[in-house]
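2 protein chains.
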Amino acid sequence: MTYCVAVKLKAGMVFLSDSRTNAGLDQISSFRKMMVYEKADDRFMCLLSAGNLSISQSVREMLQTEQLDDHEGGEPITIWNARSMFDAARVLGAAVRHVWQRDGESLQRAGVDFNVSLIFGGQIRGEGMRLFQVYSAGNFIEATAETPFFQIGESKYGKPVLDRVITPETPLDEAAKCALVSMDSTLKSNLSVGLPLDMALYEADTLRIDKIVCIEENNPYFRMVRSTWGRKLREAFDDIEHPTWDGSQTSVPLICDSERLGPLKKITNPRERLI
Amino acid sequence: MTYCVAVKLKAGMVFLSDSRTNAGLDQISSFRKMMVYEKADDRFMCLLSAGNLSISQSVREMLQTEQLDDHEGGEPITIWNARSMFDAARVLGAAVRHVWQRDGESLQRAGVDFNVSLIFGGQIRGEGMRLFQVYSAGNFIEATAETPFFQIGESKYGKPVLDRVITPETPLDEAAKCALVSMDSTLKSNLSVGLPLDMALYEADTLRIDKIVCIEENNPYFRMVRSTWGRKLREAFDDIEHPTWDGSQTSVPLICDSERLGPLKKITNPRERLI
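Residue numbers (full-length UniProt numbering), protein chains in the order written: chain U, 1 to 275; chain Y, 1 to 275.
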């Protein structure tokens with residue numbers, strides 16, 4: 001499995017990926033799931049991938065040479081000359097469909113799903129930052145102010161903290177911290193996600209990327225985040241009053257009736273019926 | 001979908017279930033997923049169910065009359081005369097198999113999975129408390145000191161806090177609070193889980209259940225837990241230092257090399273190859 005998350009903020013973008021790949025529990029390896037494309041002062045793009053590794057590697061390879069016809073009669077569109085991230089995402093979708101044309105039928109015969117999901121974001125000179133999630137059919141959706149982040153792979157464990165923290169106004173470093181906390185929750189609860197991590201921080205309108213980091217076990221900042229978050233979470237939990245069951249203001253009233261559900265039936269007799 | 005969790009502690013057991021059932025997003029209803037069986041001073045049992053509602057309702061109905069042959073020639077074994085929770089879990093497994101015999105083939109023809117999962121725990125006079133998770137094949141596993149809780153349904157959002165808090169030594173009220181926090185994370189991130197909740201707290205060796213509560217939107221304790229947890233989580237998050245990227249003690253060192261992965265390749269040229 002995999003966990004990747006990308007966030008689009010007013011201040012910039014955060015991309016974070018783990019590196020564990022597995023084919024069953026007894027075949028675990030490390031592969032990079034982040035790829036950065038940059039033509040300084042012109043475009044920055046970052047691709048995160050999850051799913052079948054043979055598919056995602058092929059997609060990344062093909063993305064380099066993939067071309068789309070320009071209906072206005074110009075040069076074929078590639079990720080290097082696309083005039084918008086939307087067009088670049090179309091090129092990526094076309095690369096996914098090319099791999100499907102090549103491998104789809106054989107995979108199906110072997111009973112293997114054509115399973116790949118991608119996050120692709122960045123900025124091209126002349127427009128704002130954009131962030132896309134690309135599906136295995138090559139179709140895609142774009143992040144908006146209401147949904148400023150995408151996750152692929154094992155996304156559930158790490159979603160609550162993103163839901164609570166991330167808005168378009170979140171500062172870049174805070175979003176990076178949030179992505180790392182989200183990754184920590186995922187690492188803690190799911191073995192199929194593992195270190196090292198790759199993280200890229202892009203500052204809006206710079207059209208180049210300087211902050212890319214590979215985070216291993218011994219990374220002091222990530223170690224601090226992991227231990228502090230675990231401790232603080234525990235303290236936050238301890239700070240909440242226990243239920244008291246005694247009728248006082250904050251206690252749980254001892255009723256098992258519900259306006260919507262009616263009384264809970266306690267079965268106390270073998271011949272009583274439930275439904 | 002559904003979220004149910006049950007915890008077995010030295011001090012007792014906690015059972016918590018939501019009540020949302022849905023067949024697609026446009027058919028949402030409330031059904032109780034908790035059933036309590038009690039013969040005071042002799043046995044207490046609690047059943048939580050997830051999966052296809054027609055299957056789980058049938059299983060609950062059949063559980064009342066299900067009998068297993070006693071290989072020692074005694075009376076047939078039911079949940080009301082079983083001498084161990086293990087035998088009671090076998091009776092439940094048999095009820096699941098009975099429903100499968102009745103409905104399995106027709107469901108398969110209709111392309112519907114035989115999907116049911118159950119948590120079944122309690123105590124029978126003469127032995128300690130026991131907690132089981134029963135699968136759709138009628139087979140089951142038992143909770144141990146290393147894994148003192150089971151979850152069914154939409155389990156991932158609420159797992160991190162359980163992983164961090166629950167041990168067999170956790171006091172009963174603290175475990176109840178933890179189950180509610182776990183439920184809160186699930187409610188926040190997944191629409192298919194909804195109020196009201198049913199919660200039952202069983203104190204070890206009492207062989208009867210007094211603390212059963214139905215929790216609706218207006219329950220003051222759960223409202224307090226939800227708002228306090230959200231706020232405290234945010235404070236805990238804010239308390240963690242941001243990454244500084246400047247080479248100081250807690251910053252993220254700006255390297256994109258990894259001992260295991262090697263350097264991250266930034267693609268800066270259309271003709272460069274990735275792999």
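These aren't lab readings, by the way, just hints derived from the structure by calculation. Keep in mind that a hint or two might mislead.
[What the hints assert, rightly or not] Covered, in the sense of this in silico footprint (three residues per stretch, anywhere, with C-beta under 8 angstroms from a C-beta of chain U), are these stretches of chain Y:
#	stretch
1	37-46
2	232-243
[What the hints assert, rightly or not] Simulated crosslink set (SDA-like; lysine to any residue; CA at most 25 angstroms straight-line):
#	chain 1	residue 1	chain 2	residue 2
3	U	Lys-188	U	Leu-53
4	Y	Lys-232	U	Arg-164
5	Y	Lys-211	U	Lys-188
6	Y	Lys-39	Y	Met-1
7	U	Lys-232	Y	Glu-169
[Claimed, not checked] Derived contacts from chain U toward chain Y, CB cut-off under 8 angstroms, selection only:
#	residue
8	Trp-100
9	Arg-102
10	Ile-141
11	Ala-176
12	Ser-185
13	Ala-204
14	Asp-205
15	Leu-207
16	Lys-211
17	Ile-212
18	Glu-235
19	Ile-267
All residues carry an ideal CB built from backbone N, CA and C; glycine is no exception.
Outcome of the hint check:
1. Chain U is given as covering the stretch 37-46 of chain Y, and this holds because 4 residues of the stretch bring a CB closer than 8 angstroms to a CB of that chain, at least three being needed.
2. Counting residues of the stretch 232-243 of chain Y whose beta carbon lies closer than 8 angstroms to any beta carbon of chain U gives 11, which meets the minimum of three for the stated coverage.
3. Between Lys-188 (chain U) and Leu-53 (chain U) the alpha-carbon distance is near 23 angstroms, which keeps this suggested pair within the 25 angstroms criterion.
4. The suggested pairing of Lys-232 (chain Y) with Arg-164 (chain U) holds, with an alpha-carbon distance near 11 angstroms, which does not exceed 25 angstroms.
5. Proximity of Lys-211 (chain Y) to Lys-188 (chain U) is assessed by CA-CA distance (about 32 angstroms); at most 25 angstroms being required, the pair is judged violated.
6. Annotation: proposed proximity of Lys-39 (chain Y) to Met-1 (chain Y) is violated, straight-line Cα distance about 31 angstroms (limit 25 angstroms).
7. For a cut-off of 25 angstroms, the pair hint linking Lys-232 (chain U) to Glu-169 (chain Y) stands: about 20 angstroms separates their Cα positions.
8. Taking 8 angstroms as the C-beta contact cut-off toward chain Y, the hint placing Trp-100 (chain U) at the interface is violated, the least distance being around 19 angstroms.
9. With 8 angstroms as the threshold, the beta carbon of Arg-102 (chain U) stays out of range of chain Y, its nearest partner Cβ sitting at about 15 angstroms, so the hint is violated.
10. Taken as an interface hint, Ile-141 (chain U) does not check out: its beta carbon lies about 18 angstroms from the nearest beta carbon of chain Y, beyond 8 angstroms.
11. Against a cut-off of 8 angstroms between C-beta atoms, the interface hint on Ala-176 (chain U) holds, since the closest Cβ of chain Y lies about 6 angstroms away.
12. For the restraint placing Ser-185 (chain U) at the interface with chain Y, the shortest Cβ-Cβ distance is roughly 4 angstroms, inside the 8 angstroms limit, so the hint holds.
13. With its C-beta approaching chain Y no nearer than about 16 angstroms, Ala-204 (chain U) sits outside the 8 angstroms limit, and its interface hint is violated.
14. Annotation: Asp-205 (chain U) was flagged as interfacial toward chain Y, and the flag is violated, the nearest CB pair being 18 angstroms apart, outside 8 angstroms.
15. With a least beta-carbon distance of about 12 angstroms to chain Y, the hint placing Leu-207 (chain U) at the interface is violated under the 8 angstroms criterion.
16. Interface restraint check for Lys-211 (chain U): the shortest CB-CB distance to chain Y comes to about 6 angstroms, inside 8 angstroms, so the restraint holds.
17. Checking Ile-212 (chain U) against chain Y by beta carbon gives a least distance of about 4 angstroms; that is within 8 angstroms, so the hint holds.
18. Evaluation of the Glu-235 (chain U) hint against chain Y yields a held restraint, the C-beta minimum of about 7 angstroms falling below 8 angstroms.
19. Below 8 angstroms, beta-carbon pairs count as interface contacts, and Ile-267 (chain U) has one with chain Y at about 5 angstroms; its hint therefore holds.
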